[in-house]
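**Student:** Chain by chain, the residues run as shown.
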Amino acid sequence: MFFRAAWSLVLRRRRLGMRGIHSPGDTAHSQGKMTPYTGYHAQRSYPMPDEPFCTELNAEQRALKEKEKGSWAQLSHAEKVALYRLQFNETFAEMNRRSNEWKTVMGGVFFFCGFTALLIWWQRVYVFPEKPVTLTDEWKAKQLQRILDMKGNPVQGLASRWDYEKKEWKK
Amino acid sequence: MSSSALTKPQMRGLLAKRLRMHLVRAIIVSLGVATFYKFGVAEPRKKAYADFYRNYDSMKDFEEMRKAGIFQSTK
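Note that the protein sequences, when read in sequence, are chains A and B.
Letter by letter, the first sequence follows residues 1 to 171 of our numbering.
Letter by letter, the second sequence follows residues 172 to 246 of our numbering.
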């Protein structure tokens, strides 16, 4: 029971790298194939598929499945857990466990944002043409003065912030 | 199997309870936002316009603009 628990922990940690590799002598998890090559596809949105997790059962497991057909009150706790593990790969608690994937994701996102910033900087230095005359400081100052002369938005907007007597922005 | 019997969890009425709680919260938040907008934005704006136009002299305003030289129809 504990050997199987320890082995299943090892299998789960190296789930993707150990397709079909198993030591001779363990029981429920030595089914040869692993997902996605079996019919068992469980995910958080579809947690209990029709196919059981272990389809190739050894003699001990087949005997247990026969016993399951009788009254469940006669099953011991360990047998019930074994039947659960035959049917399902992970418990809900195991399936819902947290991971540190978000750190990788955020790190990748920030890294590529930074890389993009470097590209854009290079573009600004080597690719962009001259700014148009309307974006120079003198032109922008004359534009602002004209808007203030026309009293644009005098109630709550721009001209309302300008003091026309002192010719400066209101404090 | 388990040493002490667990309390039976709530089995029914889960959606109704959730909907009622969210409905109450939504109403409170909506009313709060509306009240805030009325007294934080709408009333000050009405007051600003009223204050602006109380002693507004449109001819004086026009003369200032004309002197600044922005019109094309007159100097």
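The set of hints was computed from the structure by calculation and includes no laboratory data.
Treat the hints loosely; a few may be bogus.
Unchecked claim - Calculated from the model, a selection of chain A residues having no Cβ within reach of chain B, i.e. all distances over 12 Å: (1) E68; (2) F92; (3) F110; (4) Q123; (5) Q145; (6) I147; (7) P154; (8) Q156; (9) S160; (10) Y164.
Claimed, not checked - Here are the computed distance ranges between Cβ atoms for each label pair: (11) B/M236 x A/A141: 49 to 59 Å; (12) A/V105 x B/E235: 40 to 50 Å; (13) A/L158 x B/D228: 19 to 29 Å; (14) A/E94 x B/A187: 30 to 40 Å; (15) B/L177 x A/K65: 44 to 54 Å; (16) A/N100 x B/A187: 32 to 42 Å; (17) A/K171 x B/D228: 20 to 30 Å; (18) A/M48 x B/I198: 48 to 58 Å; (19) B/G211 x A/F111: 15 to 25 Å.
Computed from a prediction, not measured in an experiment: that's the story for all the values here.
By construction, the Cβ of each residue, glycine as well, lies at the ideal position given by its N, Cα and C atoms.
**Student:** Out of the numbered hints, which ones does the structure contradict?
**Tutor:** 5, 6, 7, 8, 9, 10, 11, 12, 15, 18, 19
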